[in-house]
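With my numbering applied, the sequence shown corresponds to residues 1 to 235, in that order.
Read the hints as simulated data drawn from the structure, not as lab findings.
Quick reminder that beta carbons are idealized off the backbone N, C-alpha and C, glycines included.
Honestly, I wouldn't trust all of these hints.
Said to hold, decoys possible - Distance ranges between label pairs, derived from CB positions: (1) 148 <-> 128: 31 to 37 Å; (2) 153 <-> 45: 38 to 44 Å; (3) 20 <-> 212: 17 to 23 Å; (4) 197 <-> 105: 49 to 55 Å; (5) 13 <-> 176: 22 to 28 Å; (6) 14 <-> 101: 36 to 42 Å; (7) 102 <-> 82: 16 to 22 Å; (8) 101 <-> 19: 32 to 38 Å; (9) 59 <-> 129: 17 to 23 Å.
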Amino acid sequence: MDVTNNSGIKTLEELASEDCCILFDTSVITPLGKGKEFFDSKTIKEKADFKEENSNFLHELVRHIANKGNFFVTGCVLEEIGNRRNYDYKKTIRREGACKDRELLRLRRLIKRGEQEQRRVLNAFIDNDKVVVLEGEMKKLYEKISEKYQMFIGKYSLSHADFDFLLTGITLAMASIPIIFVSNDYKIFYARDDILEDENIKEKDVSFLTRVDFFKFRPLFYHKHPKIEQLLGGS
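Put together the whole structure using the sequences plus the hints.
Structure representation (structure tokens):
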């Protein structure tokens, strides 16, 4: 069953205007695609075009963060982005040695620019106090629901950062702070569905968007999902 709604697609500008806490996941800030398999299917020019568009996205993201928008990350996501290794293009470039030198030079420059923009994103979240830190009663609530849903780590094959990202958003929503998850990890989405149903939380208070293009985001909606084992093959 399709859980998307094309009519609800938002641009980055529209997302920035939302009056709620918008939590970004690692899978949205790092490049779209499936790593090596994605890049191996592209020419040098296509790889460079991709890197350029994604760098433009990161540049605009920094602008919105610095303009005091409602874009946030968790500490675990921040750490995960900082540790994310860039795809190693060297082997692929050697295999495509027949391409023009200027195409290779452009790609190398864009790879460097992408790394710089990613560092700027990390610094923007930190410098503008956009890293969610739960304290006091909020931290106690987080610990309570974290213990309750600990089994979701295995059930949905969530990483520690995934689980913390999900539970941080749920905690905020339960404390009457509407949030939007922005993630391309469907396992987090289905785990969110289970918690919404179990805790009787309104979906409008815990929205979920995926990044479907460089500057476009599509909503996913609650539905009766298929068997768990069918979900764990992709993110």
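Subject >> Outcome for the supplied range 36 to 42 Å, where the beta carbon pair is residue 14 and residue 101 >> reply: Given about 41 Å between the Cβ atoms, the range holds.
Original post:
Would you say the C-beta atoms of residue 148 and residue 128 sit inside 31 to 37 Å of each other?
Top reply: This hint holds: roughly 32 Å between Cβ atoms.
Subject >> residue 59 versus residue 129 beta-carbon gap, inside 17 to 23 Å or not >> reply: holds (21 Å)
**OP:** With respect to the beta-carbon atoms only, verify the hint that residue 20 and residue 212 lie 17 to 23 Å apart.
**Re:** Given a distance of about 20 Å, which is inside 17 to 23 Å, the answer is holds.
Original post:
Is 49 to 55 Å right for how far apart the beta carbons of residue 197 and residue 105 are?
Top reply: Holds - the Cβ-Cβ distance for residue 197 and residue 105, about 53 Å, lies within 49 to 55 Å.
Subject >> Beta-carbon spacing of residue 101 to residue 19 - inside the hinted bounds 32 to 38 Å or not >> reply: violated (50 Å)
Original post:
So the hint says 16 to 22 Å: do the beta-carbon atoms of residue 102 and residue 82 match that?
Top reply: Violated, at about 32 Å.
Subject >> C-beta pair residue 13, residue 176: status relative to the range 22 to 28 Å that was hinted >> reply: holds (27 Å)
Subject >> Assessment of proposed distance window 38 to 44 Å (beta carbons of residue 153, residue 45) >> reply: The hint (38 to 44 Å, Cβ to Cβ) holds, given that residue 153 and residue 45 are roughly 41 Å apart.
When each numbered hint is compared with the structure, violations occur for hints 7 and 8.
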